[in-house]
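Asks: Heads up: the sequence lines are chains L and A, in that order.
Each residue of the first sequence is one higher than the last, beginning at 1 in the working numbering.
Each residue of the second sequence is one higher than the last, beginning at 1001 in the working numbering.
Worth flagging that the hints you see were computed from the coordinates, not collected in a lab.
A virtual CB, placed ideally from N, CA and C, is assigned to each residue, including glycine.
Treat the hints loosely; a few may be bogus.
Unchecked claim - Ranges of calculated distance between the beta carbons of each label pair, as one might list FRET restraints:
1) Glu137/L x Asp1324/A: 22 to 28 Å
2) Arg1128/A x Ala184/L: 51 to 57 Å
3) Arg3/L x Gly1126/A: 50 to 56 Å
4) Asn52/L x Asp1088/A: 57 to 63 Å
5) Ala1309/A x Asn15/L: 51 to 57 Å
Stated by the list, open to error - If you want a taste of the chain L side facing chain A, the calculated C-beta under 7 Å gives, among others:
6) Ala140
7) His149
8) Leu212
9) Ala213
10) Gly249
11) Gln323
12) Glu325
13) Leu328
Unchecked claim - Computed footprint of chain A on chain L; a stretch qualifies when at least three of its residues, placed anywhere within it, have a C-beta under 8 Å from a C-beta of chain A:
14) 15–21
15) 164–177
16) 287–301
Protein chains: 2
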Amino acid sequence: MRRIVILAEGRLNINDAKTAVGVMRYGDDAVLAVIDSTHAGEDCAAVLGDPNGVGRGVPVVAHVEAALAFDPDTLLIGIAPAGGRLPDTWRAQILRAIAAGLTIVSGLHQFLADDPEIAAAAQAYGVRVWDVRRPPERFAMRLADGRPHRPGSHVVYLCGTDCNVGKMTVAVELHREAQRRGLASGFAATGQTGILIAGDGIPADRIISDFLAGATEGLVREQAEEHDWVFVEGQGSLLHPAFSAVTLGLIHGSRPDRMLLCHDATRTAIRHFEDTPIPPLSEVRRIYEEAAGWLKPAPIVGVALNTYALDDAAARAAIARAQDETGLPTTDPVRYGAGPLLDALLTSV
Amino acid sequence: MRRIVILAEGRLNINDAKTAVGVMRYGDDAVLAVIDSTHAGEDCAAVLGDPNGVGRGVPVVAHVEAALAFDPDTLLIGIAPAGGRLPDTWRAQILRAIAAGLTIVSGLHQFLADDPEIAAAAQAYGVRVWDVRRPPERFAMRLADGRPHRPGSHVVYLCGTDCNVGKMTVAVELHREAQRRGLASGFAATGQTGILIAGDGIPADRIISDFLAGATEGLVREQAEEHDWVFVEGQGSLLHPAFSAVTLGLIHGSRPDRMLLCHDATRTAIRHFEDTPIPPLSEVRRIYEEAAGWLKPAPIVGVALNTYALDDAAARAAIARAQDETGLPTTDPVRYGAGPLLDALLTSV
């Protein structure tokens, strides 16, 4: 178990600090403090405003120096810098953490271990730098072979209407519910937060496109050899103007047996693409089943609705509407439990 | 105009030497000799057996040393080494070419400019090493924004039932036919051979998957600003177990107005995936129109049939069958000219 402090400078909110929230909610590691000078002195849960109280009791501090008081062994870069380049103030904090002997864990596209100054410091202080987005050697240039998964295994792909609707969260909730019921369950992580939680996985968005299906196949096959149920974290959306390729590579690479559809109840258009509306859920369902079916049929058997932004009554009404429209079992697994969705999967095979 | 010798050691045949054939058929450069010690002394066209006589008059020689007699300025690595690693014999020949002052052009996944020995030699002799598969800086990490193309431009995507069925070739034939008719036409290259022919483009299979649609969009937008017709080289197939993600990224990134379907008349299953049959062309057409339509409708208006392996009577019969089945104008543009397919495009807008 690591003792983590998370750098979330200027962006400690529920939308930007996805990785921080995921690690606090699902990680096995202890999160001791979060660094955001704009909220120093507050309680993390109060800043996030998460209805489940994620971050309760975790103090927000102004900088690494203050975080060192909590005796951490790891600094996690929990957000991406605006503009994609490492701000100088962050660099100074990372170097301070290295000098204090902390392991550096980063989900940035730009690999910190390839940065000469950071690499030199890490070597000087004997510190490890883990770039979570660097594809693991065994998958980085793997081509798909299309062989079927172990008979008796069930691979479940988490589809989404868009990015950032809760696919990773739903996969983890289902995995945990399956484990609670004594099922042999695996979680195949495909994004940086999932990889941090699982300790392994593929950064799908960072894989060279020729090898995306192959890397996915390799990861899912390993899991399907060991587990009867494998929950594959989905990425992007088939309807996304920028990221649909990532989605299709994950679907065809994982060759799922069943799928679940994740949607944010308040989202009507693709985020950052307001001219691209999200079609009705029944149409999104048809599209995913169509695309999976080009290689192997994989019905969608339930809908996971993210009702984070709604009060309880509105959430229940939204769930009832989605269930009526699709004819599929629907719930918000974070708010009301993943049981009904796991039931739907179990009765479908 | 470059003076090229092509390294195709042990693989000078019509299937493996796709890049060599493409450059000889469509390139502006002079190909002086091809290197393959297993066919030294023969004529390249005789070895290839191409019905259009590609490679006629180009001698096959045993090694770089013999090729230097033709006074080349460029060595092109025209095939990938078996197993993906550079064989020692190739390395020696590349170093010999560098010592003779030749520019090195390579389509390998492994970048030659990053190889310490080759890089050092290139620097010592003042020689340029061009890794065609290295994504151009301006596209390597570009995110798609989804903006429409210039009004009045027509973007045409070349779909395929599989890899290696002739998509690049058909794109170039159409581009040339359009130029012959005085149309402002552009060719958007997305694979190494196309990039060599066009001198620019994106190595789609090498782009990080998050940026594939964005790189495609960037390339196609540049072309659509300058040309009324843009022919986008397709890659892979939506039905391909390993490469469907590349295909979808290119389609959604290029946002085509029209599409053409390319098929090898003798192919019944995906190459190397014999358990994955190619559906009837009318079904493949439906699938491509479906996937493009998730973002923007793009009808397929013609079929390009690769009849390379058939005699004339069988070729004409295959074309008639495909035309009957799909109801679309069909021809083999390499064998019988691209005119009918360009006509189909022009009358469709």
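Asks: A separate judgement is required for each hint: does it hold in the structure or not?
Replies: Results of checking the hints against the structure:
no.: 1; hint: Glu137/L x Asp1324/A: 22 to 28 Å; in the structure: violated (51 Å)
no.: 2; hint: Arg1128/A x Ala184/L: 51 to 57 Å; in the structure: holds (55 Å)
no.: 3; hint: Arg3/L x Gly1126/A: 50 to 56 Å; in the structure: holds (54 Å)
no.: 4; hint: Asn52/L x Asp1088/A: 57 to 63 Å; in the structure: holds (60 Å)
no.: 5; hint: Ala1309/A x Asn15/L: 51 to 57 Å; in the structure: holds (56 Å)
no.: 6; hint: Ala140; in the structure: violated (11 Å)
no.: 7; hint: His149; in the structure: violated (13 Å)
no.: 8; hint: Leu212; in the structure: holds (5 Å)
no.: 9; hint: Ala213; in the structure: holds (5 Å)
no.: 10; hint: Gly249; in the structure: holds (3 Å)
no.: 11; hint: Gln323; in the structure: violated (24 Å)
no.: 12; hint: Glu325; in the structure: violated (19 Å)
no.: 13; hint: Leu328; in the structure: violated (21 Å)
no.: 14; hint: 15–21; in the structure: violated (count 0)
no.: 15; hint: 164–177; in the structure: violated (count 0)
no.: 16; hint: 287–301; in the structure: holds (count 5)
Violated hints, in rising order: 1, 6, 7, 11, 12, 13, 14 and 15; the structure is consistent with all others.
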